[in-house]
Amino acid sequence: MKLTILAFGIAKEIFGGSSVRLEVNDACSVHELQKFLQEKFPRLNELSSFLIAVNNHYALPGELISEKDEIAVIPPVSGG
Amino acid sequence: MKLTILAFGIAKEIFGGSSVRLEVNDACSVHELQKFLQEKFPRLNELSSFLIAVNNHYALPGELISEKDEIAVIPPVSGG
Amino acid sequence: MTNIQITDQPLNMLSCIEWAMDPKCGGIDAFIGTVRENTKGKKVLRLEFETYESMALDEMKKIAEEVLQKFEVYKILIHHRTGVLQVGDIPVIIVVGAAHRDAAFVACHYAIDELKKSVPIWKKENI
Amino acid sequence: MTNIQITDQPLNMLSCIEWAMDPKCGGIDAFIGTVRENTKGKKVLRLEFETYESMALDEMKKIAEEVLQKFEVYKILIHHRTGVLQVGDIPVIIVVGAAHRDAAFVACHYAIDELKKSVPIWKKENI
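Protein chains in written order, with numbering that gives the first Met the number 0: chain E, 0 to 79; chain H, 0 to 79; chain R, 0 to 126; chain D, 0 to 126.
It is possible that some hints are incorrect.
Said to hold, decoys possible - Covered stretches of chain D, as calculated for chain H (at least 3 residues, CB under 8 Å): (1) 42–51; (2) 79–91; (3) 104–116; (4) 119–125.
What the hints assert, rightly or not - Derived DEER-like restraints, expressed as beta-carbon distance ranges: (5) E:Y57 - R:K69: 17 to 27 Å; (6) D:P9 - R:Q68: 29 to 39 Å; (7) R:E71 - D:G87: 16 to 26 Å; (8) H:T3 - R:N11: 43 to 53 Å; (9) E:N54 - D:H99: 33 to 43 Å; (10) R:E47 - D:P22: 15 to 25 Å; (11) D:D7 - H:S47: 20 to 30 Å.
Derived from the structure by calculation, the hints contain no laboratory data. The structure displayed is predicted, hence computed values, not measured ones. Glycine is no exception: its CB is placed at the ideal position from the N, C-alpha and C atoms.
Kindly produce the complete structure, drawing on both the sequences and the hints.
This is the structure:
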């Protein structure tokens with residue numbers, strides 16, 4: 000399936016834009032997506048952490064992703 | 000010596016005014032003054048506590064009072 | 000009651016605090032974050048705050064609801080500003096109204112700590 | 000820096016908070032006390048605050064100096080109002096400015112706790 004992945008903060012610089020379109024396996028888990036992104040964008044490994052948000056909430060590693068979900072890469076936050 | 004003692008809060012009601020003039024022994028201590036006031040104004044015993052301020056600070060029981068000091072009776076405070 | 004907002008306009012301290020005032024409340028605690036001239040020893044001129052707005056609003060609402068459940072407080076407001084801010088500008092205001100002051104302090108401190116952990120907002124230096 | 004005041008005029012929240020803002024400060028905590036409609040189950044309409052002003056100012060200064068020594072904070076303001084106040088009116092404002100928020104919260108909480116213990120101000124109900 001084809002996913003559009005939103006990027007924020009430093010992830011935007013790593014992706015070279017505020018979103019990226021990627022082809023991933025169907026029924027991909029959050030954990031698999033993280034691995035896949037780390038391979039594709041090795042600079043993600045330089046971050047102390049990055050999380051995946053699915054439909055505006057922090058997703059657990061085992062959660063399955065479908066094509067209609069809103070997916071985002073969340074590097075360490077620094078608001079306030 | 001003759002002292003003018005300022006009263007605030009409930010002490011004002013007990014004294015029947017915002018100050019009272021009293022004749023006390025020379026070189027009277029803060030503790031002695033407290034005892035003396037309790038005898039003269041028994042309603043002071045109904046308070047959970049009352050302190051004596053000498054020249055705008057809380058005085059210790061052993062402190063000696065002189066005629067030129069500013070003396071005040073401080074019932075439990077309730078500001079804020 | 001909760002009052003959550005993300006805006007690119009200057010935050011209005013007075014109206015934020017007045018929102019939290021209530022005849023039932025005896026104590027209001029307000030945290031006002033300001034842009035400091037120094038971060039980790041580096042001179043700061045301005046910062047840019049970026050947000051994933053839909054998710055940030057959800058996370059801020061979650062924090063506010065949690066605060067109302069966890070602590071004896073009546074009202075919580077969380078406003079965050081985005082865009083480019085200068086030193087002295089206010090990126091965040093949190094106001095908590097409670098019957099008693101201890102709950103107001105604890106709840107307000109908790110809310111800003113949680114905001115800094117989970118709300119998807121990012122500050123960028125060197126802009 | 001300290002800013003201590005006792006006044007019979009309404010307190011100005013905005014100018015109190017603005018006084019504590021500083022390029023060195025990243026966090027400001029403000030405590031705003033308000034007159035509640037209930038105290039110990041009794042309905043309150045208004046309260047009268049009386050003070051032993053010269054001593055109260057000294058005690059407030061002592062608290063402020065102690066806060067500056069004890070905690071990592073730059074600025075503390077303590078303003079108290081006297082006279083007759085209605086429900087919703089503000090008898091006290093304490094504002095603390097610090098580089099980091101934890102110190103601001105702890106110092107502000109400490110200051111209001113100390114004020115309630117030692118500053119010679121009295122509230123009278125039934126007036």
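Each hint, compared with the structure:
With 4 residues having a Cβ less than 8 Å from any Cβ of chain H, the region 42–51 of chain D passes the three-residue criterion, so the hint holds. With 3 residues bearing a CB less than 8 Å from a CB of chain H, the region 79–91 of chain D meets the requirement of three and the coverage assertion stands. Closer than 8 Å: that is the beta-carbon criterion, and the region 104–116 of chain D has 4 residues meeting it against chain H, so the requirement of 3 holds. Residues of the region 119–125 of chain D with a Cβ under 8 Å from some Cβ of chain H number 5, which satisfies the need for three, so the listed coverage holds.
Roughly 19 Å separates the CB atoms of Y57 of chain E and K69 of chain R, a value that falls within the hinted 17 to 27 Å. Remark: the range hint 29 to 39 Å for P9 of chain D to Q68 of chain R is upheld by a beta-carbon distance near 35 Å. Roughly 20 Å separates the CB atoms of E71 of chain R and G87 of chain D, a value that falls within the hinted 16 to 26 Å. Range check, T3 of chain H to N11 of chain R: about 51 Å between beta-carbon atoms, so the 43 to 53 Å window is met.
The hinted window of 33 to 43 Å between N54 of chain E and H99 of chain D holds, with their beta carbons roughly 35 Å apart. In this structure the hint that E47 of chain R and P22 of chain D lie 15 to 25 Å apart at CB holds, the actual value being about 18 Å. The supplied range of 20 to 30 Å is met by D7 of chain D and S47 of chain H, whose beta-carbon atoms lie about 28 Å from each other.
In the structure shown, no violation is registered for any of the earlier numbered hints.
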